[in-house]
Amino acid sequence: MDPLARYDPLVDDPAAFHAACERPLPSVVRVNDIKATPERVRRAFDDAGVDYEPVDWHDGLFRLGDGEKPGNTWPFVHGWVYGQEEVSAVPALALDPDPGERVFDCCAAPGSKTTQLAALMDDRGLLVGNDNNLGRLSALRSNAERCGVTNLVVTRQDARNFSLKPLSGEPFDRSLVDVPCSCEGTVRKNPDALEGWSMDHVEGVSGVQKGILGRAIEVTRDGGTVVYSTCTFAPEENEAVLQHALEEYDCQLVDYDLDLEHVPGVTEWEGEQYDDSMERAKRIYPHHNDTGGFFCARLEVGA
Amino acid sequence: MTDNDGQRFDRLPATADDREVEGRATRREVVDWWVERFGLDRETFADYTFWEKGAGKIWAFADDLDSPADVEGLGMTFLRTRQEHWKPTTDAVQRFGPEATKNVVVLDEADARAFLRGEDTDPEWDGDWGYLIAAHGIAGDVEPIGVGLYLYDELRSQMPKGRQRDL
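Protein chains in written order, with our numbering: chain P, 1 to 303; chain W, 1 to 167.
Hints should not be assumed to be uniformly reliable.
[Claimed, not checked] Listed next, the in silico DSBU-like pairs over lysine-lysine satisfying Cα-Cα at most 30 Å (straight line):
no. : chain 1 : residue 1 : chain 2 : residue 2
1   : P       : LYS69     : W       : LYS161
2   : W       : LYS161    : P       : LYS189
3   : W       : LYS102    : P       : LYS165
4   : P       : LYS69     : P       : LYS189
5   : W       : LYS102    : W       : LYS57
6   : P       : LYS210    : P       : LYS165
7   : W       : LYS57     : W       : LYS161
8   : W       : LYS161    : W       : LYS102
9   : W       : LYS102    : W       : LYS87
Think of the hints as simulated: they come from the structure by calculation, not from any bench. Computed from a predicted model, the values in this text were never measured in an experiment.
Here chain W stands alone, though its shape is the one from the complex:
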């Protein structure tokens, strides 16, 4: 086992048996996490490759390159691993969240705007605690806004500062 080099993109090992870098998530674990947490279809990710750059930061890329990849960016930041509770990114829940079938909390318009401002809200929710997809209804369908952390009957907005807006 070697240590993670946080400065470069390394492709995730397919399974634990292929793991060569200490503590690195596997492709299987990453896909399983999205399937189990949000009910996504495993097929969604069939053509994706997954990469680690930085400590635990996982990137999803629609194509493939030789690993390690000497580039500035590779697909989209997708998931934060190497911590007890894995955390999806805002970009990933916006991109893949429309297909989620569970752990999606749908906010009313006032709460949706507060969430977008980065504020805590208190929506009706009797599902799992932890990281949820916060969404709202717009133009005839439910659309994800970002990631919320649900703890002790409140939803803590995880909207990054640069994505917060006061509409």
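Chain P on its own, in the form it takes in the complex:
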């Protein structure tokens, strides 16, 4: 059975949803504003004959033509661009950090969102990129260095009991909680994504997600912002995790702007009821904007 069929009751157009999940995804690059402007990247691509088109909702994202490999271009060598799926640019925009703030990316590797956060911060302030896997941390470091990021502190901790001790004990202004998930929304990029799918895995990873989100809320200051995101559709990993946070921690879901087609989070799933504020979360299905699938919610702490 296709695991994605379980979401048919949630999706506005199941046929379009399944058709989109079957199509491969174009390569997309994000302009790294620390080192370049969208204009300069366009000019370099034009001069080199790279086939690309802009996306309409974000001037720093370019979809590349079939067969274009972003890793083999001068803009990549210079750290001007980063290969990043279009919807994966959403959570850093939702977090919306300012230069000079203290920002936490608790599951950071390999670093597409971390480097995007650094650019949004103008490479100023303190950005903590954490991961618990040494190999993935090494990818994070090399990606950050290629992008010219200098405000990043890399830590290796279990995000569920992250300690502020190495960071002078001060809480964060903003935290990005882009958790490990069952990755159903990446099926267009990786057709094997659903091969190991099981309800047991979804429920297991949901427990980990609750632990990570809870700790991120605890290390974020009162009035601070937490963004929770996954690249999966399962409400067990999305709304149910947020519901747990609303019940256990001092936080609430808040609205944010997004110029991509999306639908609200769900308030009911397989007999479970979730808080009405779940509608402030956003679900992005692959057929909405011809992208991968994504879930993203913004929380305010201590409000």
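Using the hints, position chain W against chain P.
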């Protein structure tokens, strides 16, 4: 004076008078080196802190932490000291090199590609020997590629293996 502990991040002393670890470069020396070697504006580094981890490996960090810092990475690898000729990193010349006003060798496209493959080239250069910023023209301006060692009329590419590419 104590010995350097290569396993942790220690903030560089501001000046030689503040030095407590044998042979450790000072903040002043590190900034002076970039200003003198590449003509960078000293102000570029005003808000940075500098750290040593490993023997002579200097990191540039845009913010500050308590020293020593018990973390895996702190800003960007910046400069190799504790050797006769200090050597900038590829990351640092890419990040700060666009503002350099001297010791920048601008390669033509064929040489730029050879440099990126890690090959030696023979560009026109009658300036200083030693570590230079190798750059090329792209999209209307000069952009650094990496570090070259200029000796005996040839430029030896210092592109790290993992950053070499055949475009």
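Consistency of the hints with the structure:
1. LYS69(P) / LYS161(W): holds, 20 Å
2. LYS161(W) / LYS189(P): holds, 28 Å
3. LYS102(W) / LYS165(P): violated, 42 Å
4. LYS69(P) / LYS189(P): holds, 14 Å
5. LYS102(W) / LYS57(W): holds, 24 Å
6. LYS210(P) / LYS165(P): With a Cα-Cα distance of about 22 Å, the restraint between LYS210(P) and LYS165(P) holds, given a limit of 30 Å.
7. LYS57(W) / LYS161(W): holds, 18 Å
8. LYS161(W) / LYS102(W): holds, 26 Å
9. LYS102(W) / LYS87(W): Roughly 16 Å between the alpha carbons, so the hint for LYS102(W) and LYS87(W) holds.
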